[in-house]
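Engineer: With chain Z fixed as given, assemble chain H onto it according to the hints.
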Amino acid sequence: MANVISLDSILGVGELKAAAEAPPAAASGCASSSCGSSDGPADMAPEVWEKVKNHPCYSEEAHHYFARMHVAVAPACNIQCNYCNRKYDCSNESRPGVVSEKLTPDQALRKILAVAQEIPQLSVIGIAGPGDSLAAGGKNTFKTFEMLAKKAPDLKLCLSTNGLALPDHVDTIANYNIDHVTITINMVDPEVGQHIYPWIFHDHKRWTGLDAAKILHERQMLGLEMLTSRGILVKVNSVMIPGINDEHLMDVNKAVKSRGAFLHNIMPLISDPAHGTHFGLTGQRGPTAQELKVLQDQCEGGAKLMRHCRQCRADAVGLLGEDRGSEFTIDRIEAMGEVEYDQEAARTYREHVEGERAGRHAAKAAAQADVAETVGTAVQPILIAVATKGGERINEHFGHAKEFQIYEVGPKGAKFVGHRRVDQYCEGGSGDEDALGGVLSAINDCTAVFVAKIGGCPSTSLKDAGIEPVDRFAFEYIEESALTYFKDYAERLGQGAINAREGQDAVIRTGAFTARRA
Amino acid sequence: MAYKIKASDCTACGACEAECPNNAISFKKGAYAINADLCTECKGQFSSPQCASVCPADCCVPA
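Protein chains in written order, with the UniProt record's numbering: chain Z, 1 to 518; chain H, 1 to 63.
Here chain Z stands alone, though its shape is the one from the complex (with noise of 0.2 Å):
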């Protein structure tokens, strides 16, 4: 380890228990998809991998450790989404379509290069607006990947669309070597399209109702068989709107499997009268987190789905779930002056990384493997909250948690099933009593939650909800953890020391989110 940059200093997490430990064994028996070595999952061709696995937004695994950055660049849109209004813009509203600054090509290709100085795990650059990528022709969203991939070819490029306009572009995006794009798609019926969509610009002419959905549902199926017959890899994001299309999801997610997307990403509708959306003005309802899981563990086995998007800022910048970006304003990065772009440390960063992995899929398989033998197939998995910064460990206080990674864990394994935003309880030192309340609605549906630390008040209330506070696994890795845990609640279980916490549901917070990186 001693020339290798540590985690632990990249990401300021304090110090990092066992840390230079060397992997334990490979356990013999393995029952995990993802098991193997740092060559990526069984399921998985060797050349997918490779694209994916630094990519934050495309791999769940890189996302504890990779971060990936928004440049607003894209401000002109071609269609109206019921669900956004992007007059509205609040440097503390984390949510799509909303940015500070927009970007000229000049501005972003700056602000690239400081950021990729600043921050070492940056692998990823996308475009996603705060309008279309695609729009007023994807002048700017091309102009800007074309500097880029001059200046720092090692980046990885995404951009982020409609789809109306994609048909268009699809050449564009391969001699780019743009290997990721996202498309938005809500529907395949344009009958249900009607009612989220209340118009589209597309040849010259603005068109409403069933004719524009109609139109937009071509081009969406017609740019996502252009894609994946060129090979990139296609991600679909749903937003899912209750009542509209929340059930047919599920056909949107076999329509997009069969036409080779490679993930899906079923998102809650975000909607509050003060964003002045239609849908916030006409009190259309998000889902509850309960609502959302079942719908996503009900598409499984479909199109693979994607549940640690943190629907984040089209000028976003970090790990998900952090928000650096007005570290980086273009006041400050103009003050910067000019910017030289050292790949070094992202070089190091990586290899750390590498390291890291083949240590990490070994002992998941054991841990695994150990309560696959000891604990029965009747008991019901159950949900756990962590509080973590990265780097797959638990590693976060619980009272600085802006969010909880919730995993799944049962006699199956432990996988990672989705985060909940919440208002950090602890600022300045003291309580926030309010703050507390959000958090246990935001994890009401959870069994236990790891914490590093956790205060004496808090633990009570937790206790008290149902919710058991442990912290005896400060620093060490999740999913093994959980594992560990898992083990340990069903023996509690059937020595009738505990009962089983059912029936639960819990609150997607949407409002302003003013946790900032500390």
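Any given hint might turn out to be false.
As the list claims (entries may be wrong) - DSBU-like, lysine-lysine: derived pairs with alpha carbons at most 30 Å apart: (1) Z:LYS143 - H:LYS28; (2) Z:LYS205 - H:LYS6; (3) Z:LYS412 - Z:LYS463.
As the list claims (entries may be wrong) - If you anchor each label on the Cβ, the simulated ranges turn out as follows: (4) H:PHE27 - Z:GLU351: 41 to 47 Å; (5) Z:LEU281 - H:LYS29: 28 to 34 Å; (6) Z:PRO198 - H:LEU38: 26 to 32 Å; (7) H:VAL61 - Z:ASP211: 21 to 27 Å; (8) Z:THR172 - H:PHE27: 20 to 26 Å; (9) H:PHE27 - Z:ASP505: 44 to 50 Å; (10) Z:ALA335 - H:ALA31: 23 to 29 Å; (11) H:ALA31 - Z:SER258: 43 to 49 Å; (12) Z:GLY431 - H:ALA33: 49 to 55 Å; (13) Z:GLN504 - H:ALA31: 47 to 53 Å; (14) Z:GLU50 - H:GLY30: 43 to 49 Å; (15) H:GLY30 - Z:GLU433: 40 to 46 Å; (16) H:LYS28 - Z:ASP471: 55 to 61 Å; (17) H:LYS28 - Z:GLY209: 55 to 61 Å.
Rather than coming from a laboratory, the hints here were simulated on the basis of the structure. All C-beta atoms, glycine included, are put in the ideal place defined by N, C-alpha and C.
Structural biologist: Only chain H this time, still in chain Z's reference frame:
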């Protein structure tokens, strides 16, 4: 005959500039503006004024 942009409602997204067939739209002082001398309201070119059809804020209106 020309169109204009209500600057107070303009989000400066630039969608109109990209669609204008007459290059009549440019960015001025925080918002886009239409040069009335160049604007044809797209008559004879398209079935509707392109700026008004694409504008997400509906702020391109007859002058």
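Engineer: Could you run down the list of hints and mark each one as holding or not?
Structural biologist: Okay, the hints, checked on the actual structure:
Annotation: proposed proximity of LYS143 (chain Z) to LYS28 (chain H) holds, straight-line Cα distance about 22 Å (limit 30 Å). Between LYS205 (chain Z) and LYS6 (chain H) the CA atoms are separated by roughly 21 Å; this keeps the pair inside 30 Å, and the hint holds. At most 30 Å may separate the alpha-carbon atoms for a hinted pair to count; LYS412 (chain Z) and LYS463 (chain Z) meet this at roughly 27 Å. Taking the beta carbon of each, PHE27 (chain H) and GLU351 (chain Z) are about 45 Å apart, inside 41 to 47 Å as hinted.
Checked against the given bound of 28 to 34 Å, the beta carbons of LEU281 (chain Z) and LYS29 (chain H), roughly 31 Å apart, stay inside it. At about 30 Å, the CB distance of PRO198 (chain Z) to LEU38 (chain H) agrees with the hint of 26 to 32 Å. At about 24 Å, the beta-carbon gap between VAL61 (chain H) and ASP211 (chain Z) stays in the expected band of 21 to 27 Å. Checked against the given bound of 20 to 26 Å, the beta carbons of THR172 (chain Z) and PHE27 (chain H), roughly 24 Å apart, stay inside it.
Taken as a hint, the range 44 to 50 Å holds for the pair PHE27 (chain H) and ASP505 (chain Z), whose Cβ atoms sit roughly 48 Å apart. For the hinted restraint 23 to 29 Å between ALA335 (chain Z) and ALA31 (chain H), the CB-CB distance of approximately 27 Å keeps it satisfied. Judged by the Cβ atoms, the range 43 to 49 Å given for ALA31 (chain H) and SER258 (chain Z) holds: they are separated by roughly 45 Å. A beta carbon spacing of about 53 Å between GLY431 (chain Z) and ALA33 (chain H) agrees with the range 49 to 55 Å that was offered as a hint.
At about 50 Å, the beta-carbon gap between GLN504 (chain Z) and ALA31 (chain H) stays in the expected band of 47 to 53 Å. Take GLU50 (chain Z) and GLY30 (chain H): their Cβ atoms lie about 45 Å apart, and the range 43 to 49 Å holds. A C-beta distance of roughly 43 Å is found between GLY30 (chain H) and GLU433 (chain Z), which places it inside the suggested range of 40 to 46 Å. In this structure the supplied range 55 to 61 Å holds for LYS28 (chain H) paired with ASP471 (chain Z), their Cβ-Cβ distance being about 59 Å.
The hint said 55 to 61 Å for the Cβ distance between LYS28 (chain H) and GLY209 (chain Z), and at roughly 35 Å that hint is violated.
Figure legend: structure checked against the earlier numbered hints; the only hint not met is number 17.
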